[in-house]
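S.K.: The listed protein sequences derive, respectively, from chains A and B. If you're matching positions, the first sequence starts at 163 in the working numbering and goes up one per residue. If you're matching positions, the second sequence starts at 508 in the working numbering and goes up one per residue.
Keep in mind the hints are simulated off the structure, nothing from the lab. Fair warning: there could be bad hints in the mix.
Sample of chain A residues facing chain B (criterion: CB under 7 Å; computed from the structure) [claimed, not checked]:
id, residue
1, R212
2, Y215
3, P234
4, V250
5, G254
6, V255
The calculated BS3-like cross-link candidates involving lysine-lysine, where the alpha carbons are at most 27 Å apart (straight line), are [stated by the list, open to error]:
id, chain 1, residue 1, chain 2, residue 2
7, A, K301, B, K931
8, A, K301, A, K291
9, B, K835, B, K876
10, A, K388, A, K401
11, A, K301, A, K284
12, B, K578, A, K301
Here the structure is a predicted model, which is why all the values come from computation and not from measurement. Glycine is no exception: its CB is placed at the ideal position from the N, C-alpha and C atoms.
Spelled out from the first residue to the last, the chains are:
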Amino acid sequence: MLEIKDLHATVAGKEILKGVNLVINAGETHAIMGPNGAGKSTLSYVICGREGYEVTAGSVIFKGKNLLAMTPDERAGAGLFLGFQYPVEIPGVSNMNFLRTAVNSQRRYRGQDNMAAGDFLKLVRLKAKELDMDPDMLKRPVNVGFSGGEKKRNEMVQMAVLDPVLAVLDETDSGLDIDALKIVAAGINRLRSPDKSILMITHYQRLLDYVVPDFVHVLAAGRIVKTGDKTLALQLEEKGYAGLNIAENAA
Amino acid sequence: MKLYLDNPEIAVNFEAVKAVLPGADQDRLNDRRRHAITSFSETGIPGPRLEQWKYTNLSFLAKENYPIAAKAEQSDEIRQYFDQSYITAIAGPVVVFVNGYFYPDLSSLPTEQGLDFSVFSQNPEAFYQSLQPSAGSSSLNNLNRALVTDGYDISIAADVTLSQPLQIIHIATSGTNMQSVRSRARIKFGQRSQATIIESFIGADDTRYWFHMVSDVILDRGATAAFAQFQVQGKKALHMTEFHSRLSDHARFNHVSLQLGAELDRSELINSFSGEDADISLSGAYLGRLKQSHDIVTRINHDQPHCRSRQLFRGVLDKGGKSAFQGKVVVARDAQKTNADQSNKTLLLDRGAVANAKPELLIYADDVKCSHGATVGEVDPDQLFYLRSRGLDEIAAKGLLTEAFVSEVFDDLEAGPVAEKFRKYTADWLRKEEMS
Ligand SMILES: Nc1ncnc2c1ncn2[C@@H]1O[C@H](COP(=O)(O)OP(=O)(O)OP(=O)(O)O)[C@@H](O)[C@H]1O
Ligand SMILES: [Mg+2]
């Protein structure tokens with residue numbers, strides 16, 4: 163599914179990723195943990211093609227294609243989804259209109275016609291309900307005036323509607339209350355299937371209780387320094403990064 | 508250096524055409540026209556050194572003459588502009604002017620009780636009144652008085668609420684190249700009367716005509732006036748309007764405009780209060796590209812206490828577009844409890860576009876609430892990435908963000924045909940950009 167090899171990337175001339183290697187196979191769920199500023203969000207942005215994140219070495223192959231040569235929208239069309247750590251507010255564009263445009267844009271990439279208006283409406287309402295989102299919020303401008311938790315939940319509604327092949331979720335659990343966390347975790351679990359993969363970035367063991375990962379990686383100072391199964395997260399929770407001899411600023 | 512530019516040919520031309528101008532059989536009208544051309548000649552054409560005109564250079568008018576356009580024969584062209592402008596979802600009365608002359612064939616005059624409507628060419632008294640000199644008139648207003656061919660007069664009786672908006676359409680045909688088209692309007696809202704007036708300005712694309720119009724609107728106590736204007740003139744047109752409003756106690760004046768046509772566009776909105784507790788709301792969107800320039804000049808004279816004014820203007824400029832927003836609010840010493848708000852934002856879709864903003868607040872009273880904000884910026888890269896990460900390509904994402912940016916102007920409009928017309932024109936303009 164996704165194969166990252168010796169990935170180096172700079173932001174504003176500063177090297178942030180310093181040789182990331184990561185393979186995610188179809189059906190797998192991976193978690194990335196790591197200290198603040200380690201480069202986790204940077205990795206997610208590079209995967210999704212954000213401007214200003216310059217790849218200086220290495221490769222990223224997604225479903226056999228060179229991901230780095232594609233625009234962000236082409237990547238989305240190919241089935242990639244990024245759940246933002248900080249979802250963006252877009253005044254003047256309703257959630258509904260935004261979702262409809264997104265769904266139909268992606269269908270065009272795949273050579274499909276626009277979704278029938280009625281089917282679309284049904285789909286969105288169903289997904290909003292599954293994620294316990296007030297239908298009124300669908301009419302509101304994207305993320306404007308949403309609380310931190312509502313924004314994250316909105317990301318999950320978008321994910322559910324767009325139904326990606328690979329979801330990269332950057333701290334989707336931050337800012338959620340306990341009930342919301344369970345609802346969001348159920349949403350992530352619904353996406354899991356033998357032909358789909360998930361990469362979760364998180365600081366907390368708690369999410370991993372609900373969405374049990376196949377692999378846990380620790381990203382520190384721009385490299386993956388440790389990989390294990392779900393018990394690695396438990397060890398981290400208990401001992402912290404220092405306790406596992408992971409220096410926050412390892413050269 | 509002179510502030511005004513001379514073009515002696517204009518007065519010479521006036522002498523040549525005065526005998527054939529509408530109303531030339533009446534001496535008192537001729538006298539007013541003569542007075543107006545004399546006043547104009549005393550000053551001349553406003554030059555770029557005048558503060559108010561620093562963003563729109565009319566120097567070319569010192570050399571180019573723009574004789575008045577002739578009446579047009581019936582044509583498919585006229586019909587097509589009419590169909591493009593007339594909002595059929597509203598239906599109702601419509602008054603059409605072609606090349607500055609009333610065009611009865613496509614007009615259906617209002618007949619509602621309490622509404623007194625006439626076109627100047629059929630009402631000499633109203634025509635005469637509209638040419639009355641006024642202190643402080645601009646030189647171009649004087650030129651308009653000297654040469655105007657037609658226009659309209661509206662008077663709404665006290666306590667009358669018009670059941671339907673009135674539509675006015677000004678058309679310039681392809682036969683008007685290097686000619687001028689002039690119009691005037693006098694509108695009086697009686698006490699507590701209410702009406703909506705929708706005005707469209709449209710014309711031929713490959714024709715350089717000079718459209719000039721002056722409107723004078725008076726609102727009596729408690730009247731409510733709503734104006735919606737669509738400037739979709741031809742690509743090479745020169746479009747200039749002067750719109751004056753004066754409000755008595757408790758009156759409400761609402762003006763929304765869309766400027767997306769013409770090569771040179773100059774829109775002046777000059778407003779004042781003659782009573783207390785009155786409201787003025789001006790809002791508009793201007794969209795420009797390819798050598799187009801939009802110059803919006805607003806003036807609000809808060810001479811009376813307890814009045815409110817609100818201005819909201821949004822511009823979008825693509826490659827080659829230019830704009831200026833000059834918004835002046837003057838709060839007199841006695842105008843306590845004034846509330847004046849002004850916001851102007853311009854979105855640049857291309858680095859080569861130029862936006863100027865000149866908010867000006869002159870406040871002489873101490874107990875007032877006044878604010879203004881002006882920004883010029885590009886599409887927000889975070890928003891753009893967010894949309895693209897969901898599958899929208901760059902053009903679609905920018906289009907959606909631009910539409911959202913402009914929509915703020917129309918958000919206040921009651922949902923309905925007028926709001927839809929604004930949105931449709933805006934969306935069409937944005938789609939054209941996709942093609943270029
Ligand atoms: N636009 C930028 N300009 C300069 N430095 C940047 C920029 N974006 C990110 N960085 C730096 O890159 C480093 C990695 O940031 P990143 O957001 O990837 O960290 P993170 O692992 O996601 O941290 P957190 O756990 O706090 O979310 C940080 O030191 C950050 O300051
Ligand atoms: Mg981060």
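S.K.: Now tell me, hint by hint, if it's right for this structure.
M.R.: Consistency of the hints with the structure:
no.	hint	in the structure
1	R212	holds (5 Å)
2	Y215	violated (10 Å)
3	P234	holds (4 Å)
4	V250	holds (4 Å)
5	G254	holds (3 Å)
6	V255	holds (5 Å)
7	A/K301 to B/K931	holds (20 Å)
8	A/K301 to A/K291	holds (14 Å)
9	B/K835 to B/K876	holds (15 Å)
10	A/K388 to A/K401	holds (15 Å)
11	A/K301 to A/K284	holds (15 Å)
12	B/K578 to A/K301	violated (50 Å)
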